[in-house]
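Q: Fit chain W to the given chain Y structure using the hints.
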Amino acid sequence: MTIQGTAHRVGAHIDTDAIIPARFLVTTDSAELGANCMEGLEAGWIKRVKQNDIMVADENFGCGSSREHAPISLLGAGIPVVVAKSFARIFYRNGFNMGLILLEVGDDFEKLGDGDQLEVDADNGTIKNLTTGELITCSAVPPFMKEILNAGGLVDYVKNRLGN
Amino acid sequence: MPKTLAEKILQAHTDEVVKEAGQIVRCKVSLVLANDITAPLAIKSFNAMGADQLFDKDKVALVCDHFTPNKDIDSAEQVKLVREFAHEKNVTHYYEGGDCGVEHALLPELGLVGPSDIVIGADSHTCTYGGLGAFATGMGSTDIAGAMALGETWFKVPSTVKVEIEGTPGQHVGAKDYILRLIGELGVSGALYKALEFSGSVVDDLSIEGRMTIANMAIEAGGKVGLFPVDAKTLEYCVAAGRTGDVPLSADVGAVYERVVKMDVTGMKPQIACPHLPDNVKPVDEVKNMKIHQSVIGSCTNGRISDLREAAAILKGRKANKNVRLIILPATPTIWKQALKEGLLEIFMDAGAIVGPATCGPCLGGHMGILAGGERAIATTNRNFKGRMGSLQSEVFLSNPAVAAASAIAGEIIDPSAL
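In order, the protein sequence lines correspond to chains Y and W. The opening position of the first sequence corresponds to residue 0 in numbering that gives the first Met the number 0, with each subsequent residue numbered one higher. The opening position of the second sequence corresponds to residue 0 in numbering that gives the first Met the number 0, with each subsequent residue numbered one higher.
Worth flagging that the hints you see were computed from the coordinates, not collected in a lab. It should be emphasised that the depicted structure is a prediction, and the values quoted were computed from it without experimental measurement. All residues carry an ideal CB built from backbone N, CA and C; glycine is no exception. Mixed in with the good hints there might be a few duds.
To be verified - Okay, the calculated beta carbon distance ranges per label pair:
| no. | chain 1 | residue 1 | chain 2 | residue 2 | range |
| --- | --- | --- | --- | --- | --- |
| 1 | W | LYS79 | Y | ASP155 | 23 to 31 Å |
| 2 | Y | THR131 | W | ASP251 | 50 to 58 Å |
| 3 | Y | GLY112 | W | GLU285 | 32 to 40 Å |
So here's chain W without its partners, still in its complex pose:
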C-alpha cells in the first residue's frame, strides 16, 4: 500500500503493519528529549515508574535552554536536579553551559536528529526536526519518562494534509512567511492530530534551515508533525553535522492524503501574525501605525545563522529607533561564533542591539526581555498568545527576521522594502 512520509517513518520503527490513519502503533524511538522546564517532571515520573536505567544513555538528550543562564534560585534548583540526574544516569547528551543552545537549533547542528528518525521531546517545538525528514513530535513529561525507560512509545497514525507551495514571492519573503500564511489559512486547530507534508518547487529550493523554520511551527496549526522529504540538500546537511548512513526519503506515489492545500506565493508580501493567536495573520502592509517597544530576533524558529544574516543585511549601517529595545539571541554557541566571525555581531551592536546568550529567554516570557503592560513587541519567535512575553496587557506580533530588524529601525512595524 502506498504510504505518506509519516506512515513510512512509523512503519520503519514498528513490527506492526501500518495500515491506516487512526490506528495505534507502538514504535521504537531514535531520541528522547527534555529541557530544564520539562525534565524535572519527567525525572519525577521516571523515578515513580520504578525505572532505574535509561533505555540507552546515548539516546536521551537533556538540554537546559529555557531559563538558562539560570534566571533565579528556583530555576537554578531545577537545572541542578536535571544535572544530577544526567550525571547519575551517565547521559551522554547533557547541555547546560557554554556548549548549550536552544534545543531545536542545537540537536540538528550536533547531528543527533536526522532523516527517518522518530524523535519525541517534552517540548512542543520538537516538530522542528521534520525539516530533516524526522517524525518528531512534542509530548508531555510523563510520556517522555516512559520512553526514557522503555525506548518506545505509542502513536495514533495521523492523517496527512499535503501542502504544495509554488510561485515566486516578493522581496524579503521566506520560510517564516510561508508558514505564517499557512497557519492563517488553516487556523490554529486546522491540522489538529494531523501530519503536514510539504512539497512543491518553493520547498525544493528552500535551505534546510528554512525547512526547519516551517516544520517548527506545524504545532501552531495543531499539527503532530511537519514533514519534508529527504533530498540531496538534507543529506549534505546531515553529513556536515557528522552523521553517516542517511538515505533519501519521499512519500510513495499514490499515498492517500486527507486533503491537498495549494499555496501560490507569487508576489506575496512578508506576513505578520497579530495578537493574540498565530493564525491572526496579515500581510505587513495591512499592519499600520503599530509602534513597537521591543524587537526580538532569535528562538528555535528564527535564531539560526541564515536568520542573523537576513537581519544583518537590514541593520547594516543603520540604527535601531531609540524607543525600541532590539534583542538578538543567536540560538547556539556555534551560531554565535559564526556570527562573530562574519562580523554580524558588530553590525548588530553598531545598530544599538543587545546581543545576548543562546537561550529561549523572552520567547516564552522567561527572562531577558519581558514586556510591561501596554508594551508591544515584534518577534521572530513562534507564539503570540496573550501574556506570552510578559504582562497580560502586552502584545506580540510575529514576523521574519528582516521585518523584525526593519521594524526596530522604524520604531513601528514596517515592510523592509519601505525603509
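Just chain Y, same shape as in the assembly:
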C-alpha cells in the first residue's frame, strides 16, 4: 500500500492528552474524535491536515494514557501513517490493532521536514521524500505482528480464532 501526503512535524514526547484531551473521550466515534485531534497540542492544529497527510514525530510519540481514542482520532482526522523516531509502548500496540500504520525510523525522522511531500510504502517499509529526493528504509514488522496484520487487525484475528 502506497500513501502520498504532506508531512506535519511535531516534537518529542507527544502525549495522548495532546493527541486527544480527556474531555473529548465521551464518544467512540472516529469522525468526532478526529475533529478534535491534536487539540491538546494547539487549538485548531488539525485544520492544516488534509486526507492522507502524514504525521512525523520525534521520540516517544503517544506516551501517556492507554486510550485507543488516540490512534482512532488520528485516523478520523485523515492521518493514515505516523513516522516517528520512536513510539510509546501502549500506543504502538494500539496503532497496530486499529490499522494505523506506524513506522519507527530512529534519527532518520530528521530527514522529513514540515510541509515536505512524502510517499510511504508500508509493505516494503520505505519512505520517499518527494521534496528532497531522500529515501528512508525502516525495519520490517515482527512476524507475530504480521500475523495480526495479515488477519486484517486484531478484531479479525480474534474473530478467526473464535471461529476455529
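A: Relative to the frame of chain Y, chain W by itself:
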C-alpha cells in the same frame, strides 16, 4: 536459566519456554480490566470480534471511575453501555455506585489482584499492581477485548532495569519522591518497553501502599511494568484483602539485567515534577515563588489511607490559604470510611478542604477541579502534561501528599518542613 521477576511471572502463565528479552510469548491472563472511558471501545471491539461469552465472568473487572458520578449526558451514556454489557454478560466485578473507587486502589483492596498474577487493563496505570508482585500492564481497548474473549494475550518479554534504592531520606520524603526522582533520572522514555524491578533496603521497608505508588508511575518512565518482590508484608496485605494461596516471589540469583540503577536517597528532599513532563523533576527547595490556585490530594497514585494520614498530619489545626482550592478525594469508599473513622475528614474540612467522592476526576481534567487559563495546581496525581487538568494555559506540579497539603496552607509550593 536464572530469571528476572518479569520472566518468572510470564513463564508461570505460558507453555512456551521464556528464554530472552524480545521474545514474543502468549500468556494466560489472571484478570482483565477496563473503565468507563475504555470499556465502551472494548465492548465495541468485543462485539465486532463476534465474541459472545467472556472467557471467565469472574476475571473481568469493569470499573466506572473516571467521569463518575457521571459528569454529563455523554459520560452517563457511556456508563449505561458498560452497565448493560456487564449485566448481559453476568460480570461479577462491575463497579459504578457507592461500591466504586479509583480502579487501581479498588482492585488491590478487594483482593482481585495479587502476587504472580498477570493483569492487563485498558488503563495505563494498571502497572500499579506491580507493587504486589503482579505483572500488570496497560493496553488499549481492543487488546483488552481480545483478552476478554480469549483469556490470553501476547507479550514481548521485556528487558529489565533493576533499581536499587538505599539510604536514609530527609523529612517528609516517601514513595512518591523516590519514583519522581527516578523518572527524573531515567527520563519519560528511559524505560520504554522495559520492566523496572525494585530492590534495596528502602524498598524492603516500604509499605505495600508505598510500593503501589512507585509501581503506579513506572509508565511515566515509559515502563511496561514496575515490579516488587513478594515478601511477608505483601502476603500479609493479600491475606487481609481476602486472598489465599499466595507465596513469596523473588528474582533468581544471577538473573540478567539490562542495567542496574543505584539511587542513594540519603538526605533527599521532597521532589516536585514541574510542567509539562513528569521527568522535569527538582527538589522542592529549588521550586521557588510558585503561587498555586489549587491543590489536589487523591488519585490512583496517592489517594490511599496512608496518603490521607500524611496530609492530615500537616493540615491538622491549620487553614488552607484563601486563594487555594484544596480538593481531597479518598480513592475508594473503604478509604473514605476509614478516614471518617480516624477523624481525618474533619481535619480536612476544618482546614477548608473540599472532600469529594472516590473518582479520578481532576487528575485527567475530567471534572471536579478543572483549571482555568493561567491557573497553577499542585497535585499528588501522576501526570503534568500540558492541559492535563484543564486549560492548555494551566500548569500542574506533581508532589507527595505532605507537600500538596503544606503548599495549600502556604499558598505556594513549599517544603512541609518550612511551614
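Q: Could you run down the list of hints and mark each one as holding or not?
A: Comparing the hints with the structure gives:
At about 28 Å, the CB distance of W:LYS79 to Y:ASP155 agrees with the hint of 23 to 31 Å. Checked against the given bound of 50 to 58 Å, the beta carbons of Y:THR131 and W:ASP251, roughly 51 Å apart, stay inside it. Checked against the given bound of 32 to 40 Å, the beta carbons of Y:GLY112 and W:GLU285, roughly 37 Å apart, stay inside it.
In summary, the structure agrees with every hint in the numbered list given earlier.
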